[in-house]
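Chain order of the listed sequences is A and B. Numbering of the first sequence is given in the working numbering, commencing with residue 292 and proceeding in unit increments. Numbering of the second sequence is given in the working numbering, commencing with residue 292 and proceeding in unit increments.
Bear in mind the hints are in silico, worked out from the structure with no lab data behind them. Some hints here could point you the wrong way.
Claimed, not checked - As a list, the in silico DSS-like pairs of lysine-lysine whose alpha-carbon atoms are at most 25 Å apart: (1) Lys-295/B - Lys-319/B; (2) Lys-295/B - Lys-415/A; (3) Lys-319/A - Lys-547/B; (4) Lys-547/A - Lys-547/B; (5) Lys-510/A - Lys-319/B; (6) Lys-295/A - Lys-415/B; (7) Lys-510/B - Lys-319/A; (8) Lys-570/B - Lys-570/A.
Computed from a predicted structure; not experimentally measured.
There are 2 protein chains.
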Amino acid sequence: MIIKKPIGIGLMGLGVVGSGVARVLAEKGDTLGHQVGCPLSLKRVLVRDVSKKRSIEVSSSLLTTQAREILDDPEIAIVIEVMGGERPALDLIKEAIKRGKHVVTANKEVIAKHGPSLFALARKHRVELLYEASVGAGIPLIASLRQGLLANEISSIYAIINGTTNYILTQMANHGMDFSLALHQAQKLGYAEADPTADVEGIDAAYKLAILATLAFHKEILPSDVHHEGITRITARDFRYAQELGYAIKLLAIAKREIDSLQVRVHPALVPQDLLLAKVEGVFNAVQVEGDLIGRLLLYGQGAGSLPTTSAVIADAIDLAYRIHRNIPNPPPSLLAEGWSIKPISQIQTRYYLRMAVTDRPGVLAQIAKTLGDHLISIASVIQKEVDEDDQTAEIVIMTHQANEAAMQEALREAARLPVVHEVGNFIRVEG
Amino acid sequence: MIIKKPIGIGLMGLGVVGSGVARVLAEKGDTLGHQVGCPLSLKRVLVRDVSKKRSIEVSSSLLTTQAREILDDPEIAIVIEVMGGERPALDLIKEAIKRGKHVVTANKEVIAKHGPSLFALARKHRVELLYEASVGAGIPLIASLRQGLLANEISSIYAIINGTTNYILTQMANHGMDFSLALHQAQKLGYAEADPTADVEGIDAAYKLAILATLAFHKEILPSDVHHEGITRITARDFRYAQELGYAIKLLAIAKREIDSLQVRVHPALVPQDLLLAKVEGVFNAVQVEGDLIGRLLLYGQGAGSLPTTSAVIADAIDLAYRIHRNIPNPPPSLLAEGWSIKPISQIQTRYYLRMAVTDRPGVLAQIAKTLGDHLISIASVIQKEVDEDDQTAEIVIMTHQANEAAMQEALREAARLPVVHEVGNFIRVEG
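Taking the hints into account, I'd like the entire structure generated from these sequences.
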């Protein structure tokens, strides 16, 4: 047997994901090496604190707090970045690329914000930057968009790509919990961070959507292009009405191609209960892609966590190691499409769910319907419930037909000024 | 701009799939050529009858009834076989490989029965044989098993991979139809063939499962290794009981890894309604894969049809064309695992749904329970319905705990001999 020179790997980060990567490289190294044709060797691991107690056994001689021990090591051909966050990860990825190292990252923020410039830098230095783990962990989303669906013109993506919010919404739906209790529970279980802003406000989902939409539409879409709204305004009451109407409530990440524009938006949405997307529960993720050839495709799985993320990171590393070993040139850059603009949220057309507290007397619905009608919004159905007899206050829930967002916002402002409307409780877009 | 020499494609078959492939190559040739780095050119199309009227416009100068016009053409580097059926497709694929042509096929029967020898032949002639379209059409199953899930040890596959039977079962479930009416309707809509045997008896699903299991378990699994049963014995009545018990009935293709054996089987099964698999309706396919890292992954989409199949065929062709253009060597053969045996169906353990017509009098259930108990089968729940008061016949439905298949078969034979048992109506395995 010929002993081949191993391909050196430098790991940056030894947190939840990094520990998984280190463990799998140790436990499955031999099998993986066979796939590549030569051994893989974990040479160095960048950590913040060498003395910290860790649950996995990584030889302490591999640990370092100095990035240069990875960057300067000529035997390290692949850098795996799983530190998370924008800095210092961005700078370290750039530095690794400049030194001719291939990079695998799970970092959605860095890829979403800086992908285009990093891919250009990688081309210049003749290395590759792979990022399957950055969206949906081990669900093969990036590979499918880049390769399997290559012949398709993608018309839309509807995705549940934030496990934290999907867990919270599932708890609210199944147990009638309110938002703050469900969030608290998610935090206790480690599904939500102490500062949950990035998850519950849709920022995390916007990063991931920017990455998917860039691939699907061959256009550079930045997180700042993505309109995002969070789930904090959804109440237990909204779930009750939605269920009565035959819908689930999900935080949807939506990317849609129209004639000469793209929609990219993240917000809570009513989703018909018979769609598979409506049945995605707990921390699971699902991405529904529509293409002209394939029709409707849905990929579902764990969108976060140590081992699911490791699954994608290792697949990317194997892919790179194989190409290094066999001297295979890097693929050419994707063709970027010209002439698409991002449609502002004010210009989208969709259906709406509206919930209002109103005076309980005849003619109130007519006034609201007129206000909506003045803005060319027509009502598809209404539920009216008496909420408080003493107060003579009723709650009405209106489902509209397709309407323009700007018109809807203006109509809601006007409705809120009607003396019979006590409060516009919520409005939620209806999708799918 | 440098004009590069096009890569020639020979198409074998111009039926449902072939027409889609020809159309997409014509309509999207430029975009696809950019992905490759040089143009793709459809050089020749093998058909049975040149004069046949066709719905798509393929220049009649491309049509031929002579395979050698493709096989002998040195400018054809890629052969796309979409004729279907074992012969003559197998011989043509072999011939193409021997002449140094890469092959893309959508042919599940050929790959399931002859994959291993064809891959060996391809290696010998330094060409590749790709077959993404052979299972689940455009759903990226093969690519995900080969690449995205590479780092995983796959423990099981549960799949709905025959659209015809899933359509029939969905009609039976949703409209209380019996099998023959649902089949007739499927035939009218073109979802089932005039001779539906391969679909309704689970043969088609067994081919596809053999292909998936071979990839998942790195072991050559042939269709003859797959135990298969069809859906013809499922009645409208079974659907009613299943629904009452909280289950759907699906034709499942199951591949499971155990300590030193594999299970590969296709048969109808009761599937809990809260599993996503239970919600796959109509002609759609879904494949649920469990791996040690990724956990549970589900890929869902159209598993047949002209354009979904074309999506996969073109993706494979682009992959090959790209490698030809850039002179990239073919990947090494997968490592095949040793020492696994296929577990006979008689040795599996699962739960069972049993339906029997019995005499309606006290003590009957005790007799049946004793017969089952004698074979170490314990009852989890029972539904008893009076069916015919005049006759004093009742129907009972028994759900068992885990039991051994051979014991179950023996117990059912004994039960059928009990004077109080008029008929063992059905038994269906319970999975998931």
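Practice task
Quickly compare the C-alpha distance for Lys-295/B and Lys-319/B to 25 Å and report which way the hint goes.
Solution key: 18 Å, holds
Exercise for the section: Starting from Lys-295/B, check that the Cα of Lys-415/A is at most 25 Å away, please. Expected result: At roughly 24 Å apart (the allowed maximum being 25 Å), Lys-415/A and Lys-295/B satisfy the hint.
Exercise for the section: Compare the distance between the alpha carbons of Lys-570/B and Lys-570/A with 25 Å, and conclude whether the hinted pair is satisfied. Expected result: 9 Å, holds
Problem - Given hint Lys-319/A paired with Lys-510/B - CA-CA distance at most 25 Å - result: 19 Å, holds
Handout entry: Given pair status - Lys-415/B, Lys-295/A, alpha carbons within 25 Å
Key = 24 Å, holds
Exercise for the section: Would you check the hint for Lys-319/A and Lys-547/B, treating anything up to 25 Å between C-alpha atoms as holding? Expected result: 21 Å, holds
Practice task
For the pair we were handed, Lys-547/A and Lys-547/B, check the Cα-Cα distance against 25 Å.
Solution key: Outside the cut-off at roughly 39 Å; violated.
Problem - 25 Å limit on alpha-carbon distance, applied to hinted pair Lys-510/A and Lys-319/B - result: 19 Å, holds
In the structure shown, a violation is registered for the earlier hint numbered 4 alone.
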